[in-house]
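Asks: Below are the chains, spelled out letter by letter.
Number of protein chains: 4
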Amino acid sequence: MIQQEWDAGMPLSDAQQSQIEAARSQQTTTRRAVSPGMEERLYTAHQVLDHGFVRVIDYMGDDNAIVQAARVSYGEGTKHVSNDEGLIRYLMRHWHSTPFEMCEVKLHVKLPVFVARQWIRHRTANVNEYSARYSILDREFYIPAPDHLAAQSVVNNQGRGALLEGEEAARVLKILKEDSGRAYDNYEAMISDEGQQGLARELARMNLPANIYTQWYWKVDLHNLFHFLRLRADAHAQYEIRVYADEICKIVADWVPLAFAAFEDYRKGGATMSARAMECVRKLIAGEEVTQETSGMSKGEWREFQALLAQG
Amino acid sequence: MIQQEWDAGMPLSDAQQSQIEAARSQQTTTRRAVSPGMEERLYTAHQVLDHGFVRVIDYMGDDNAIVQAARVSYGEGTKHVSNDEGLIRYLMRHWHSTPFEMCEVKLHVKLPVFVARQWIRHRTANVNEYSARYSILDREFYIPAPDHLAAQSVVNNQGRGALLEGEEAARVLKILKEDSGRAYDNYEAMISDEGQQGLARELARMNLPANIYTQWYWKVDLHNLFHFLRLRADAHAQYEIRVYADEICKIVADWVPLAFAAFEDYRKGGATMSARAMECVRKLIAGEEVTQETSGMSKGEWREFQALLAQG
Amino acid sequence: MIQQEWDAGMPLSDAQQSQIEAARSQQTTTRRAVSPGMEERLYTAHQVLDHGFVRVIDYMGDDNAIVQAARVSYGEGTKHVSNDEGLIRYLMRHWHSTPFEMCEVKLHVKLPVFVARQWIRHRTANVNEYSARYSILDREFYIPAPDHLAAQSVVNNQGRGALLEGEEAARVLKILKEDSGRAYDNYEAMISDEGQQGLARELARMNLPANIYTQWYWKVDLHNLFHFLRLRADAHAQYEIRVYADEICKIVADWVPLAFAAFEDYRKGGATMSARAMECVRKLIAGEEVTQETSGMSKGEWREFQALLAQG
Amino acid sequence: MIQQEWDAGMPLSDAQQSQIEAARSQQTTTRRAVSPGMEERLYTAHQVLDHGFVRVIDYMGDDNAIVQAARVSYGEGTKHVSNDEGLIRYLMRHWHSTPFEMCEVKLHVKLPVFVARQWIRHRTANVNEYSARYSILDREFYIPAPDHLAAQSVVNNQGRGALLEGEEAARVLKILKEDSGRAYDNYEAMISDEGQQGLARELARMNLPANIYTQWYWKVDLHNLFHFLRLRADAHAQYEIRVYADEICKIVADWVPLAFAAFEDYRKGGATMSARAMECVRKLIAGEEVTQETSGMSKGEWREFQALLAQG
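Protein chains in written order, with this note's numbering: chain A, 4 to 315; chain B, 4 to 315; chain C, 4 to 315; chain D, 4 to 315.
By construction, these hints were calculated from the structure, which means they are not laboratory data.
Incorrect hints may appear among the rest.
Identical copies go unnamed one by one, so any copy, or any two together, can satisfy a pair.
Unchecked claim - Subject to a maximum C-alpha distance of 30 Å in a straight line, what follows is the list of computed DSS-like cross-link-like pairs (lysine-lysine):
no. : residue 1 : residue 2
1   : K286      : K180
2   : K177      : K253
3   : K302      : K271
4   : K253      : K271
5   : K302      : K177
6   : K180      : K302
7   : K177      : K271
8   : K271      : K180
9   : K286      : K177
10  : K271      : K286
Hey, can you work out the whole structure from these sequences and the hints?
Replies: The following block contains the structure:
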């Protein structure tokens, strides 16, 4: 399916592809810390959704930079932790954030506007977005693949339920394609200066729907990136942002393998238990029975607690 | 014109209007600093554009809170500044930011999505936006009044030029109205669960154009608010965000009159001169001739410099 | 002991005490949300350590403001959560941060410089500190009470061990008192302009030790305050900052009782489990045996895990 | 003088010097943007004050990264600005901050505690400071050179006046040296575990004065660094922080020469004029007379205005 979409709409033009290859072919010497995994990734566009991508433009630091910063802070105090992996796991486990802030990454992301609007809520990052006041947007819209065209969940107000079936799915796809096509035709017609004055771009853009693609440079430190990934590379996140977060996870795993492994264990795969939940855990281990009624939890909370214990 | 738009689409329902009146009728005693100008404003919706508004939900501090914070910092050192107005002007002139951070305001804003996208770039604020994942958006779209329907500027890539004339204006308005109406009809059709499953809201929203209205609570301290107002209550800002900033200026003038007067003099009405520009000013005052060529400035910079000297 | 220290050095002068009483006696009407618990607290100085205090200068919002912001975001989506308490607990459990950012508090804190240096690492707050460049610091130093005069821990590089005994304790207290007294005498002698020029204050202050008291206005939103309290009202925090955090916890409990109860259950009393730890929990509940060797945890991690299961 | 201090207290040990040389001797290839000026600087310690230094640990981006980010934002809209220098000057002149945020630098700084306390007020940066809870501080104190030992200013509460003369200067230096020496002796005596338990490090540190040296890793983006430099590489800043800012200016000039030149012209060498001041400038150029009385400015403001016109 992905392959089919890709063929239908390569996210990069030939000219862009050539630029990337040119950029990748240039190598210079540096005295800075170098992450081999990131060097391999640099500039290459990793496709996400039908026309989107993520690519690494620059980075600062590696696993060792985290260790180095921690050792500046804790001096002799870190000597008893025998190795880098142990120290990084210790920092992650005890919520030490500043050593992870010492690494920085700059990504070039192409993404639908409705995804960009979720993404930007993470404020501790630097952003340069393509401006539709200055420039003309491209005719590129996100159209969901049929296996991601889901109905509203009937149990969760913010979630998706079953896949749409046959005719309904076809009807939705037709609407999305036609409406975005017409909106773009009219956008072009309004800004055209042939035989008319031509509407200001900053006004004409208001006709474009939220599935149009935008792009930006997004620069963030590793601590805040982990926070983003914990929330967005998660089953509760909307699919269309989660696929970006999943792709970035792969990049981070190549960049700082030790830190990413600790993140997976303590954050992504970890769980936060309330005082009440911990009390239940202690009773369960002691062989006592616990029910929702005796747990002190609400029904929703109890359901989530049961799910946690059942996982694995 | 504004009146006509208002009649055509009151931004508040009767139920909302009653809620506001009920909230305004409740008064409690407090030991906190109270700004009479803000008490008068509280909860009332001030209309902006055709369906938007700004209203004050809460505030903290007043002019005196700025002075108080400055006196904590500078202790006896501020005694020589004889009065509050002088001290506030001194702080503004010398870019002391922290005393202004001691005041905070929480606004409820209803605004088109493309305006929200500009606004959110100011990251040092707290935001709770209406979620189109959870809830269904209302059928309300910004349609520019004819006297704001401008052509693309031919001299400035991010600006507007002359007003669109007769037929072209009519054509544009027709497109904007029809496309947003159709997009909303289809949005409703896709999420409907009558006789079908109903598309997930988080997907259906992607069909809606950028002139649909959203709303949020926006909380910001006075220093960062002034920064926002300097950039957005400015001739270079897009008209559709400037009208919000202008309305907020009136609110701030009622809230912290001394601080706002200092802001007007030093920031909003002030000018930043480069070292080269200052050199030219000194020569001009001494009666010497200066031209663009001898100024060391580029053509664009020289034009801006000339405009500064001509103002008043 | 506290009483004795208090008698020896009341943190407030009579003039300050009168100012507080005068401020507390003034009441005005307001349309804003009012928290009765905070009104009761306003301006009163709550003593911390020997000469320090925390007092509330201003606040914005209450439990209801959190609920209100959440309902703006989630609209109809929150209707199924039947009451405010349930909604606040839901928000806390699922790491929704922005509704808690809608409340703000401004505190006046007097604290030793070495505590201030830890405190300021929490960057998302607004601060106006007393300036020793402009003004002369008071002769007030933190001298630990004997029951907090502890030896370096032999197991934890950043912790305290047993209490110092008899002679050693006396020797330490003598040093701390004499050195700070002499440092202050010399500070005064250097800045004096009697019979000499008098050293600049910005230079003279460098002679003063880190147990001298400073003071500041500290303004922070509730979400970031909870983050501060989770780290500082904690057994791992240094005692001298923990007592401030503990005092602030009492204030917050009076301010936003529902939010504070949720914070206590999910954050302060809660626990974060790694993926490995959750795996062990599942096995233990199933009656299987787990050892450090089979857990995949390091010795330190296992020790912490065991402690978690033993608590209660 | 500097040389003499340097001889008296080299900021780096031989072991540290060897580590730096080893780090500098390693070169790897990278696909990232490389700034030759920074490569030359990397790891080398540039001495500041008697025992302090600044050294570059890592960096991201160069002048071209600023241009690149601006071109992402403004697309075709930037084509009319013919070259990189012109575009960077345009961005600086119009307060575009986000392109400058795309560059990042990580510095290792050794500095007296009272300087660190000023520095840390700039909150938009990442910091890892040496922890005196975990580790033992070195016996290194800032003692001002005689040509920086100034009296309190009689006109400016936060400034310095004339140099201290003969006996008074000698007396001050004697106090600073003796008090810091004694404080450190007692610090060592308290933490010693020979024949006693040994006071916890987190408590013992409170005896150390504010001229003791600390160190940290400080990571900041170029926009926020420029803000720091505008305030701290300035005649109004305290000398002891200004020398750090001046040293960093030299580093930035090597890193991003075009951006630094624009910063010098528009920020460092530029001036902010109030609306009232601009009105006076217009009158003066027109040959009209203006006095403080007719200017609408306060005496202090007028004095500053006169100074601006006289500079050059």
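Asks: Give a verdict on every hint.
Replies: Hints and how they fare:
1. Neither within a single protomer nor between protomers do K286 and K180 lie at most 30 Å apart by alpha-carbon distance, with minima of 56 Å and 51 Å respectively.
2. Neither within a single protomer nor between protomers do K177 and K253 lie at most 30 Å apart by alpha-carbon distance, with minima of 34 Å and 47 Å respectively.
3. Taking the closest pair of Cα atoms, K302 and K271 come within 30 Å of each other both inside a single copy (24 Å) and across two copies (22 Å).
4. Within a single copy, K253 and K271 get their C-alpha atoms as close as 13 Å, which meets the 30 Å cut-off; across copies the closest is 33 Å, which misses it.
5. In this homomeric assembly, K302 and K177 never come within 30 Å of each other (Cα to Cα): the closest approach is 41 Å inside a single copy and 51 Å across copies.
6. Neither within a single protomer nor between protomers do K180 and K302 lie at most 30 Å apart by alpha-carbon distance, with minima of 42 Å and 46 Å respectively.
7. When the C-alpha separation of K177 and K271 is checked against a cutoff of 30 Å, the pair qualifies neither within a copy, at 37 Å, nor between copies, at 50 Å.
8. Taking the shortest Cα distances, K271 and K180 never come within 30 Å of each other, neither inside one copy (36 Å) nor across copies (46 Å).
9. Neither within a single protomer nor between protomers do K286 and K177 lie at most 30 Å apart by alpha-carbon distance, with minima of 55 Å and 51 Å respectively.
10. In this assembly of identical chains, the alpha carbons of K271 and K286 lie at most 30 Å apart whether taken from the same copy (26 Å) or from different copies (20 Å).
Comparing the model with each earlier hint shows violations of hints 1, 2, 5, 6, 7, 8 and 9; every other hint is respected.
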